[in-house]
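Trainee: Residues per chain are reported as follows:
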Amino acid sequence: MAYLRIDRLVKSYDGRVNAVDDVILDIARGEFLTLLGPSGSGKTTTLMMIAGFEEPTRGAIELAGEDLTRRKPYERNIGVVFQNYALFPHMTVARNVAFPLRMRRFPRAQQATRVGQMLRLVGLADYADRYPRELSGGQQQRVALARGLVFNPDVLLLDEPLGALDKSLREQMQVELKRIHREVGVTMVYVTHDQTEAMTMSDRIAVFNRGRLEQVAPPLEVYHRPRTRFVGEFIGDSNFFRGTVDPARWGRVELDGLGPIQADPEACRRIGGGLVDVLVRPERLQLAGPALPNTIAMKIAVTVNYGDSVLVIGDAGGHPIRVRMAGAPLDSVREGATVTVSWSPTDAHLIPHV
Amino acid sequence: MAPLILALLAALFLIAPILIVVPMSFSTAISFQFPPPAYWIGYYRKFFTSEEWLEPALNSLVIALGAMALTMLLVVPAAFGYVRYRFRGKSLVNLLIMSPLIVPHVVSALAYYGFLGRFKLAGTHLGVIVAHGVLAVPVAFLVITATLKGFDRNLERAAMSAGAGPLRTFVHVTLPVLRPGMLVGALFAFLSSFNEAVVALFIAGRGAVTLPKKMYESIRLESDPVIAVVSTLLVSAVVLGVLASLVIRRRPALRPDA
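Chains as they are written, first to last, in our numbering: chain A, 872 to 1225; chain B, 825 to 1082.
Take these hints with a grain of salt, some might be off.
What the hints assert, rightly or not - Which residues of chain A face chain B? A partial, calculated answer using Cβ under 8 Å: (1) Tyr884; (2) Pro944; (3) Tyr945; (4) Val951.
Just so you know, these hints were derived from the structure itself, not from any lab.
All C-beta atoms, glycine included, are put in the ideal place defined by N, C-alpha and C.
Work the whole structure out from these sequences, hints included.
Mentor: Here is the structure:
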C-alpha cells in the first residue's frame, strides 16, 4: 500500500529538456528509500518537488491519499535536511529545533519537552544553548536532523546530508541515521550519489539516470540483478560482456570474441534470444580452486592489494577483466602471468541489450 | 616588517592632514593657526551653546536619518529583485542604480535645484532628504546586494518546510540573517548624507542648512575656529561609524533571535 505516491512526475525548466522525466514511485509508510544517481540525474529535483520547493511541470504527488502537488511547502507536513545543514545562524541549537514547533503553534510546554526529546535522540542534550557555528559539521547535521523530525513530519527528506562530512564521520552518521530511522519509524527519502551509502542504509534504492528512473528495488537486488546496464555499472564494480542468447538452446550465450558460456536457462528464456549484456561481479570470478563451468584465459596486467582483498585487473582477448579475491594473493597471481578465470552460470546476470 | 612600515606611512599620509584639525579645535587662536598658540575648549563651548551651529547640526541629523530611511526603502526591494530574479536589461538596471556615483555631484546638484524648485521643495528638509536619499543609493545597494548574494536560500527553504509562510520566513529568518549587512548599508547611507556638501549648498537654501553647508559659509565669511571643532566631531562620527560597521560585520550571529 503506497503511502507517498509519485505519479508520472515531470519537471522541465526550459520546456525542452526534462530534468525529471516521467517518474513513478510508490513509497511505503516507514520505508527508507534512497534516490541514487549521478549529479544532474534528477534525484534532487524530485526531492525538491516532494518538499514543495519546485513545482512539477506535470504529474502528481500524493501523501496518504491526499493530493500535495500544488500545496506550498509550509502547508505540507514534511521535514527537510539539507547538505549544508541550513541551520539558522542567529538561533541557538534549542531555538533551531523549536522553530518548527513555534511556527506550527505547538503549546509552549510541549515545545520544551519535544525539543529535549529530540536533542537526546540525536545525542546533543548538552548543546541546547550553543550557536550552530560553535558546533562541528557532524553535530550541526544532527541539529538539522532534530529540527526536521521535531514536529512529527509524515516524511523526512534528506538531501545528501552526509556529503559535507569526512569519511569516518560519514560512516558513523550512517549508523546513527539508521538507528534514528528505526527508533522514530518515520518515512525517509534520502538523496545521495554515493552508492555505498545507498547500499548500507536503504530498504529500497531508486536509481536515477538522466531524469528517468532506471530501477527501484532492494539494495541486493539492485546489485545482483540490475535492470539496465547503467545500474550495473553505477552500483559496485562490474565486468560486462556483450553476447547473444542462443534461441535454439536456452542457457547458451555466445560472448563476442570469447566463445560460448553457460547461463541460467530461465533468464535466457525470459529475454527470448537476441543481444544481451552479461554482468559478472568481480568477486564472483574465481582464480583458484576447481574450475567452474565458465572459463576464460586472462593475462594479468595489474594487481592491487587492499590488504583484506586483492583486485586483479587482466586482459582476455582485448576485454578488460576485474577479479576481486578475498585475502592475500596466491603465488600464481603475478603481473604478466596467464590464469584461468571461472564462474558459475548462476553468477552471470543477463540484461537485454538496448 | 617592511610592508607594515609602508602601510603605516601610507595611512599617516592619508590621515595626517585630517588629524591637524584636532589640535586646531582646541586652539585659543581667533582664526585658523597651526600649531596653535595655546589650548582650551572654548570653541567646543561655543559650538554646543550657539543656536547658529546647533541648528545646522540638528538639520543634518534629521536629514541624514530621513535620507537613510528613503535609501533603504529604495534599495532593499531593488536588491532583492536584482539578486534573486533574472530579467532582461539587468545590467542596464545596475548601471542606472550606480549612476549617482558616476554623475558629478555638481551636475546632480544643478539638476536637483531645478527639479526640486518646481515642486517647491528647494530649501526644505524634504528636498534635501530626497536628493541625499538618491545619492546614497549606490553605496547601500553595493553593500546589500553583496550580503544578499551570500545568503543561503536553503535557510528560507528550511523555514518554509518548518511551517513558516513567506512573511514569517522573512521576519524570522531572512531579515535577522541579513540584518548586519542591512545595518552597514544604512550606516553608509546615513554617513553619505551627513557628510554631503555640494548638493546641500545648492538646494538647502536658508531653510535646511546642513553642517557641511554651514561650515563652508563660515569659512568663506569669517574663518571661525568652531569649524575645526565641527570637523573634529564629524571625523570622530565617521570613525565611530566605520568601527561600528566592522563590529557588525565581524559578529554576524551574536544577537539573539528577536
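Trainee: Does Tyr945/A pass the interface check with chain B, least Cβ-Cβ distance below 8 Å?
Mentor: holds, 5 Å
Trainee: Under 8 Å is the threshold here; is the Cβ of Val951/A close enough to any Cβ of chain B for the hint to stand?
Mentor: holds, 4 Å
Trainee: Does the CB of Pro944/A sit less than 8 Å away from some CB of chain B?
Mentor: Hint on Pro944/A: holds, closest Cβ of chain B at ~4 Å, below 8 Å.
Trainee: For the hint on Tyr884/A, does the least C-beta distance to chain B fall short of 8 Å?
Mentor: Violated, about 12 Å.
The structure is inconsistent with hint 1 alone, although it conforms to all the rest.
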